[in-house]
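Colleague: So you can see what is in the structure, the chains are spelled out below.
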Amino acid sequence: MTPTPAIFTPMLIAAGIFFVWSCYRRFSLVTLGQPDDRFDRLGRRIGDMFLYAFGQKRVVAKPFGINHFIIFWSFMVLLLANGEFLVKGVIPALSLALLPAPLYHGLLLAFDLVSLLTLAAILLAFARRIFFPPAYMSTAYVKARSVEGFLILAFIALLMIAYFGLHGAEIALGSEPAAAFMPVSSAIARLLQSSPSAVSLQSVAWFCWWLHALVLLAFICFLPHSKHMHILTAIPNCFFASLEKPNTQPREEFVKGGEFGVDKVDSFTWKDLFDSFSCTECGRCQNACPATATGKPLNPRQVIHAIKTNLLTNGPLLQRDGAHVIPLIGEEGEGSNTEETIWSCTTCGACMEACPVLIEHMPKIIKMRRHLVEMKSTFPDELLNLFENMEQRSNPWGIAPSERTKWCATMEIKPFEKGVTEYLFYIGCAGTFDSRSKQVTVALATILNAAGVSWGILGKEEKCCGDSLRRLGNEFVFDRMAKENVELFRQKGITKVIVQCPHCFSTLKNDYRQYGLELEVIHHGELIDQLLASGRLKLNQQVKDLGRVLFHDSCYLGRHNDVYDAPRDVLRSATGQAPLEMERSRNNSFCCGAGGGRMWMEEFSGERINLNRVDEALRQNADTICTACPYCMTMFEDGLKDRQAGQTRVRDIAEVVAEGLRPV
Amino acid sequence: MQIVACIKQVPDTTQVQIDPVTNTLVREGIPFIVNPYDTHALEEALRLKDRFGCRVAAISMGPPNAEATLRKALALGVDDAILLSDRVFGGADTLATSNVLAAAIRKLHEQEEVGVVLCGKQTIDGDTAQVGPGIATRLGYTQLTLVDRIEHIDLEKRAIRVRRKLEGRHEIVEAPLPVLLTVVRELNRPRYPTVPRRLESADAEVKTWSNQVMQLPEPTIGLKGSPTWVSRIFSPERDKGEIIGDGVQDPEGTANLLIDKLLSKDLLAL
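Residue numbers (our numbering), protein chains in the order written: chain A, 116 to 779; chain B, 255 to 524.
Fair warning: there could be bad hints in the mix.
In silico DSBU-like cross-links for lysine-lysine, where the CA-CA straight-line distance does not exceed 30 Å [said to hold, decoys possible]:
hint: 1; chain 1: A; residue 1: Lys-575; chain 2: B; residue 2: Lys-515
hint: 2; chain 1: B; residue 1: Lys-303; chain 2: A; residue 2: Lys-371
hint: 3; chain 1: B; residue 1: Lys-361; chain 2: B; residue 2: Lys-411
hint: 4; chain 1: B; residue 1: Lys-411; chain 2: A; residue 2: Lys-371
hint: 5; chain 1: A; residue 1: Lys-553; chain 2: A; residue 2: Lys-575
hint: 6; chain 1: B; residue 1: Lys-494; chain 2: B; residue 2: Lys-361
hint: 7; chain 1: B; residue 1: Lys-303; chain 2: A; residue 2: Lys-491
hint: 8; chain 1: A; residue 1: Lys-756; chain 2: B; residue 2: Lys-303
hint: 9; chain 1: A; residue 1: Lys-491; chain 2: B; residue 2: Lys-494
hint: 10; chain 1: B; residue 1: Lys-361; chain 2: A; residue 2: Lys-521
hint: 11; chain 1: A; residue 1: Lys-491; chain 2: A; residue 2: Lys-553
hint: 12; chain 1: B; residue 1: Lys-494; chain 2: A; residue 2: Lys-553
hint: 13; chain 1: A; residue 1: Lys-379; chain 2: B; residue 2: Lys-303
Below, a sample of chain A positions facing chain B; criterion: calculated Cβ distance under 7 Å [claimed, not checked]:
hint: 14; residue: Phe-296
hint: 15; residue: Lys-371
hint: 16; residue: Asp-378
hint: 17; residue: Ser-382
hint: 18; residue: Met-490
hint: 19; residue: Ser-492
hint: 20; residue: Phe-591
What follows is a list of derived Cβ distance ranges for each label pair [unchecked claim]:
hint: 21; chain 1: A; residue 1: Glu-368; chain 2: B; residue 2: Gly-344; range: 37 to 43 Å
hint: 22; chain 1: A; residue 1: Thr-146; chain 2: B; residue 2: Glu-405; range: 53 to 59 Å
hint: 23; chain 1: B; residue 1: Gln-365; chain 2: A; residue 2: Glu-497; range: 38 to 44 Å
hint: 24; chain 1: A; residue 1: Met-526; chain 2: B; residue 2: Lys-515; range: 28 to 34 Å
It should be emphasised that the hints constitute simulated quantities derived from the structure, not laboratory data.
Built from N, CA and C at the ideal position, the CB exists for glycine as well.
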């Protein structure tokens with residue numbers, strides 16, 4: 116079949132112009148965002164791009180992701196075939212046949228087989244959408260757009276069908292000299308020859324060529340306007356992704372006349388906006404989100420979609436110096452986030468861990484919280500006390516700082532002294548004031564003494580690290596507390612810190628780095644593991660009376676800081692066997708519900724997050740649930756009471772080890 | 255018409271200890287806070303400002319470091335912050351204090367008519383609840399104490415109707431302006447300062463008025479103007495309880511003991 120360049124060329128040019136214009140319109144919107152340097156350490160960035168975009172690491176983490184992997188790589192191969200198709204449509208003499216024969220034949224074979232593979236994958240995708248639709252398909256706005264999903268699949272399927280129709284017909288006509296390298300098309304050719312259309316093979320070829328051409332041009336035009344745009348944005352998005360785990364938020368500079376936080380789409384960074392164009396609505400963040408799972412209004416995918424919709428609506432107006440027509444915060448509509456949505460996040464990071472294209476959801480939510488707290492002073496009532504307590508007494512409960520040493524009434528504890536003590540044991544507010552967590556503090560102190568670790572405390576000088584404030588968007592007060600702490604740590608010459616709370620851990624380790632303080636922070640899970648492994652800590656007995664022991668990963672220890680094995684190893688050493696795992700564990704762990712300042716807030720809508728997790732633990736018939744975080748411990752103990760599961764205990768890993776230190 | 259909120263810097267009493275030798279409050283290293291009841295007075299003043307657009311002045315008598323309290327008021331949105339500070343004001347009891355505060359309000363009144371004065375019902379350090387009524391008496395204002403709701407206020411008609419929270423009942427009373435209200439915590443939920451306001455307040459002016467401004471005769475202020483003085487402060491002795499039973503070894507028996515104890519003291523109704 117010989118194309119008709121006179122007709123095809125103007126069509127291609129028109130489609131090309133439309134495509135470029137559409138892309139320009141969309142991507143110019145991204146430039147409305149604020150600056151953010153994402154061009155450093157290019158080697159790492161290229162590496163990440165290969166791993167996550169071309170290697171599809173996150174995509175194939177779910178079984179059906181393999182289908183996407185096949186479609187993605189088929190697309191990469193067929194990009195060449197389709198490129199040739201377009202060029203040949205304009206200049207028929209230019210074709211891959213000009214390549215050396217072995218290479219050309221190899222390519223033909225690849226195109227033929229890959230097209231079949233793609234067709235199969237597309238049919239599977241169709242079947243999934245029709246017969247086993249994932250739960251997220253029925254959520255707001257997604258249902259309306261599922262037509263788009265079908266359309267995209269149909270486009271690809273039609274391209275494959277047209278490809279086989281065209282080559283089958285040409286082989287049947289005997290006008291394809293390389294038919295031997297096209298087994299699938301040859302089979303189609305035999306089918307055509309034995310079908311009624313055998314008399315009009317020329318027409319079949321003509322029809323299939325134009326079908327292929329029109330679908331391809333339509334797809335090119337449709338692409339920048341659909342969620343399928345991710346094929347343009349996903350790869351660069353992986354390149355521009357945060358090189359550090361997004362477990363902290365950028366600092367704010369507090370100068371008069373400044374705007375703090377984000378309430379307008381153009382106050383986000385360009386990367387925040389680019390993220391919204393990279394989302395293809397796969398729904399994995401939504402499936403992982405504890406707020407979504409328990410019926411809260413927050414759905415991380417929806418937050419990203421709201422930003423995109425808001426940008427597409429407001430952006431063009433802003434480019435013409437117009438005003439925003441839909442607010443980013445405060446409305447129920449498609450391009451806005453309600454305040455309750457913004458307050459529902461536990462900052463557990465499950466969404467970011469699940470996202471195949473490395474979208475950073477949580478920092479965007481915290482930026483919007485910052486606006487609410489810092490510019491408008493509107494936040495859930497419960498937080499007023501927390502904020503005042505933190506500011507006045509440097510702890511969430513508002514307990515007098517003079518009571519910071521009460522936990523060690525029964526022990527003799529030395530203050531940290533530069534040059535004398537090696538480690539500061541930063542107790543943390545929970546370990547200091549919460550009656551249950553105080554037991555963990557005592558257990559850990561006992562362990563440190565038994566292992567001969569040189570450690571001391573700050574006593575009444577210790578201040579809260581400010582974790583909850585930062586995650587709640589009260590950056591102004593966090594900033595003040597962080598500066599005070601950094602100053603105190605420097606003054607005291609502190610370089611090595613033991614913590615028992617993953618929130619203190621992450622804040623001291625990651626957030627304070629922004630203030631120029633590099634600390635060697637070690638969570639007690641890691642420290643005890645090292646002490647046991649090196650033989651410095653010897654247990655007197657194996658802990659046997661805890662029954663079936665299960666371990667729950669704290670988000671700020673696990674997902675945000677990659678500490679998974681140490682606490683498990685500790686439990687294995689102490690009890691003689693590996694702890695039980697929940698269905699969702701390690702980096703797929705499910706939040707207890709207390710992170711992101713949610714510890715201090717009521718849960719008014721939906722099911723309680725801690726109950727969801729407690730039920731999961733109870734399904735493993737655990738006798739003892741082990742945690743390594745004071746917040747997780749509170750949430751589990753409360754949840755077990757609610758479920759009247761009094762036979763199940765909660766223990767911190769330090770308590771289990773301290774148990775093993777008892778003389779036989 | 256302007257609104258005046260009287261606020262006081264107090265030691266964070268949950269952290270105050272009494273020196274067993276001298277019987278005085280140990281104030282070293284104790285953080286100061288805005289008297290909690292006064293934060294509600296301030297909030298109500300700011301709500302009136304939000305409603306009527308009137309000016310709000312916050313005044314406080316205290317040592318120079320009480321400026322921090324007034325700065326917080328500025329961060330919350332007051333228009334003027336005035337610290338009444340002078341060595342001769344020192345050692346004042348409630349009478350001498352209300353003389354100074356009343357004089358300052360009179361002074362403010364000369365600049366712009368004062369319609370409402372708001373005070374907390376009492377401070378958490380002195381706990382007398384006398385200063386508010388003392389100011390009202392000295393100014394000749396109507397005093398409405400223990401207010402937990404402003405039912406109605408009309409600045410034009412110069413009338414106010416409030417609800418007072420009394421033991422076991424509420425009382426609704428009306429009065430013509432100017433009035434002095436002392437308020438309880440139930441009145442409102444204090445606001446939280448926005449960051450822009452905090453930044454602005456950081457170098458906003460807190461005016462200091464000494465007795466040069468008010469020109470009060472010395473026998474009416476400070477220690478000399480104070481007929482009351484504290485002879486002794488002490489922590490009341492409390493009977494120590496006893497530990498009964500052993501909850502670890504014998505939880506059931508101990509629970510029974512506890513129930514018996516509660517029943518015998520009539521603390522548990524069956």
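Colleague: Determine which of the earlier numbered hints do not hold for this structure and return their numbers in increasing order.
Modeller: The structure breaks hints 1, 4, 6, 8, 9, 10, 11, 14, 16, 17; every other hint is satisfied.
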